[in-house]
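Listed below are the residues making up each chain.
Number of protein chains: 2
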Amino acid sequence: MYFLQQKVISMPTETSKPTFMHYIDTPSYDMELTSKYCKTLLVQLFNKICSEVSPEEFIVLDTISCHQDLCQRDLAKLILKDRANTGRILDSLEKKGLVERSNDTKNNRLVRKVNITDCGIELLESLILRFKPYHEKMCKIFNDEDLLILRASLKKMRDSIAQLVEIQI
Amino acid sequence: MYFLQQKVISMPTETSKPTFMHYIDTPSYDMELTSKYCKTLLVQLFNKICSEVSPEEFIVLDTISCHQDLCQRDLAKLILKDRANTGRILDSLEKKGLVERSNDTKNNRLVRKVNITDCGIELLESLILRFKPYHEKMCKIFNDEDLLILRASLKKMRDSIAQLVEIQI
DNA sequence: ATAACATTGTTGCATTTGCAACATGTATTT
DNA sequence: AAATACATGTTGCAAATGCAACAATGTTAT
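Just so you know, the sequences run in chain order R and P. Numbering of the first sequence is given in our numbering, commencing with residue 1 and proceeding in unit increments. Numbering of the second sequence is given in our numbering, commencing with residue 1 and proceeding in unit increments.
Hint data in this document are derived by calculation from the structure and do not stem from the laboratory. Treat the hints with care, since some could be wrong.
Just so you know, same-sequence chains aren't split out, so a pair can sit in one copy or run between any two.
What the hints assert, rightly or not - With a straight-line cut-off of 27 angstroms between C-alpha atoms, the simulated BS3-like cross-links for lysine-lysine are:
| hint | residue 1 | residue 2 |
| --- | --- | --- |
| 1 | K140 | K155 |
| 2 | K39 | K81 |
| 3 | K81 | K48 |
| 4 | K140 | K81 |
| 5 | K81 | K113 |
Using the sequences and the accompanying hints, generate a full structural model.
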C-alpha cells in the first residue's frame, strides 16, 4: 500500500535554483492527499465486506435514508456530483430494488422524488452492522474534543476557499 | 456552485423506521466531501489562471521540483497514483519540455529518473506568482496554531484508518 | 400572447483513473 | 545454471466522472 509522505525531502545544496513556495506544502493539498489515502483504504475495506452495491451506491443509499422525498437535483447537491451521474447511480439502485422514484412536483416543477425501499433499509442496516467493528476501532483514536476540532478545521478550510471563488464571480 | 451541507436534516416523525448510525455522519466522510468541494473550486480557479498544463500536471511538476532524481515509482507513491497514470502524466510533461527522463539504475535496477527542466522551473515560478494573491487570501483565515491543529488532525485521520487495514493484512 | 429564459432530468462524448497483463531486467532459490 | 520470484515501466481496457447539448415543462419579459 502506498505511503503518505508528510515531510518534504530537503534539497541538497544545488546550483542557483531558487526556492519558492510550493503548492504541495499547502494545507489544502495535505487534505487532498489525506482524503485520497483514506478513501482508497476505505474502498478496499468496503469491497471486502460488501458485494451488493458499490461504495458510491452505498453513500447514496445512506444519504437518501436520511432525507426523504429528495429530488435528484437536491441529492446531487448533497453528494457533490452532477445530475448526470446522480441519475445513473439511482438507475442502478432502482434496478436492484433498493430505491424507488416517483414523479412529483416541487415549486410547480416536475421532479422525480427518490426514497429508499424496505429492501434498501434492510441492506443498509446490514452494511452498517458489518462496519461497526471497524468504525469503533477508528473512533477510539479520537476523543470528543478531537472530533470537534477536526470538523471545525474542515469547515474553516471550506470557508477559506469559498471566499476566493465568490470574489471571482 | 454546490453547497456543502453539514447538518443532517432531522427526520419528521415517521413510521417505525429505525434510526441507526450513518456513514455520512462520520468524520472521514466529512473530510471526503470537504476535499472534493475544495478541489472543485481550486481546479476551477486554476483553469482560469493557467492554460499551459492541467492541474494534475502542475502538482507533478511541483512535486518533482522538490525531489530530484525521482524514479517513476517513487513519484507515484508521493502523488498517490498508480504507475500507469504517473507515466502518462510524465509523457505529457516531457512532450511539453517541462521535465526530462534519463535511464539510470537504482539498487542495480533499471529506472527512469525524472527531473524538471529549466523551462519547467520557469513555468512553475510563473504559476506560483499567479497564485500568490489567492494563496495569501486563503492563509489569512488561518493563524499558525490553526494550521498546526489542522495538520495534526489530518495525520490522526490517516493513522486511524491505516490501523484498520494493517490489521487486515 | 408570444418570445426569451430557467429548471429538471437524460444522453452522448471525451477525459481521468485504476487494475490486470505484459515486457524487460534483476535477485534468489534449487 | 536453470527456474522461480520480484521490481519497474508500458499498454489495453473497463468503469467513473464531468461537461455540453437536448427534451420537456414552467416562468418572466416585452
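Taking the hints in turn, this is what the structure says about them:
1. K140 x K155: both (23 angstroms within a copy, 15 angstroms between copies)
2. K39 x K81: both (16 angstroms within a copy, 13 angstroms between copies)
3. K81 x K48: both (25 angstroms within a copy, 21 angstroms between copies)
4. K140 x K81: neither (31 angstroms within a copy, 29 angstroms between copies)
5. K81 x K113: Within one copy only: 17 angstroms inside, 37 angstroms across.
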